[in-house]
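> So you can see what is in the structure, the chains are spelled out below.
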Amino acid sequence: DTGVSQNPRHKITKRGQNVTFRCDPISEHNRLYWYRQTLGQGPEFLTYFQNEAQLEKSRLLSDRFSAERPKGSFSTLEIQRTEQGDSAMYLCASSSGGGPYNEQFFGPGTRLTVL
Amino acid sequence: AQKVTQAQTEISVVEKEDVTLDCVYETRDTTYYLFWYKQPPSGELVFLIRRNSFDEQNEISGRYSWNFQKSTSSFNFTITASQVVDSAVYFCALSEANYGGSQGNLIFGKGTKLSVKP
Numbered sequence: 001d002t003g004v005s006q007n008p009r010h011k012i013t014k015r016g017q018n019v020t021f022r023c024d025p026i027s028e029h030n031r032l033y034w035y036r037q038t039l040g041q042g043p044e045f046l047t048y049f050q051n052e053a054q055l056e057k058s059r060l061l062s063d064r065f066s067a068e069r070p071k072g073s074f075s076t077l078e079i080q081r082t083e084q085g086d087s088a089m090y091l092c093a094s095s096s097g098g099g100p101y102n103e104q105f106f107g108p109g110t111r112l113t114v115l
Numbered sequence: 001a002q003k004v005t006q007a008q009t010e011i012s013v014v015e016k017e018d019v020t021l022d023c024v025y026e027t028r029d030t031t032y033y034l035f036w037y038k039q040p041p042s043g044e045l046v047f048l049i050r051r052n053s054f055d056e057q058n059e060i061s062g063r064y065s066w067n068f069q070k071s072t073s074s075f076n077f078t079i080t081a082s083q084v085v086d087s088a089v090y091f092c093a094l095s096e097a098n099y100g101g102s103q104g105n106l107i108f109g110k111g112t113k114l115s116v117k118p
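Here the protein sequences come in this chain order: A and B.
Going left to right, the first sequence walks through residues 1 to 115 as the numbering used here numbers them.
Going left to right, the second sequence walks through residues 1 to 118 as the numbering used here numbers them.
Certain hints may be false.
What the hints assert, rightly or not - With a cut-off of at most 20 Å between alpha-carbon atoms, the simulated SDA-like pairs for lysine to any residue come out as follows:
1. K11/A - K16/B
2. K38/B - D22/B
3. K110/B - M89/A
4. K16/B - F68/B
5. K57/A - K3/B
Read the hints as simulated data drawn from the structure, not as lab findings.
These numbers come from a predicted model, not from an experiment.
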């Protein structure tokens, strides 16, 4: 059984560096979501894709953040010029169908630490 | 504005006790969906249940039960006869169907950390 996978699981970087995370959704899931979770908080929505189209971006997603989902399969989330405030767990989720009622399956997350 | 409030930050119980986790939501949509997720120490969020705004019927699944009341905008989760393996952070989440065109992204509460001691 292949669930949602994310790589790397942990990333430590220095302030100002660029980082890229990868998410592989469940096969055939057409929706892919990115969330960010900081300590003691619930996940916060960043952006989502319907197939390869990025349909919505949160105000949390500054210009330093960019996400792609080429060919509607895996997705990447890049953070440029990282700041200490970017330290968080970055979660990816996928779902089938196109509605708000669909259950989202979450990956294990990528924990980013910016020194 | 849409919002989910989980007022209980941490709850500690002894094994076999019943425990209820509270969830209160705010939304302007007439059609919406409510979810509960479990986040064990390993970190991966696990889906527990989904409810739509038109179905107020309570649901029971084994030791888990959910009480949805639109009149009080609440969707509470009860674990009966708790076990150590229930220790985790539990999140309530809201997904709206109509307002603002946001279709599908989940709005989470801050979570309730449940510790079940043997």
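> A separate judgement is required for each hint: does it hold in the structure or not?
For each hint, the structure was consulted:
{"no.": "1", "hint": "K11/A - K16/B", "verdict": "violated (40 Å)"}
{"no.": "2", "hint": "K38/B - D22/B", "verdict": "holds (14 Å)"}
{"no.": "3", "hint": "K110/B - M89/A", "verdict": "holds (14 Å)"}
{"no.": "4", "hint": "K16/B - F68/B", "verdict": "violated (24 Å)"}
{"no.": "5", "hint": "K57/A - K3/B", "verdict": "holds (18 Å)"}
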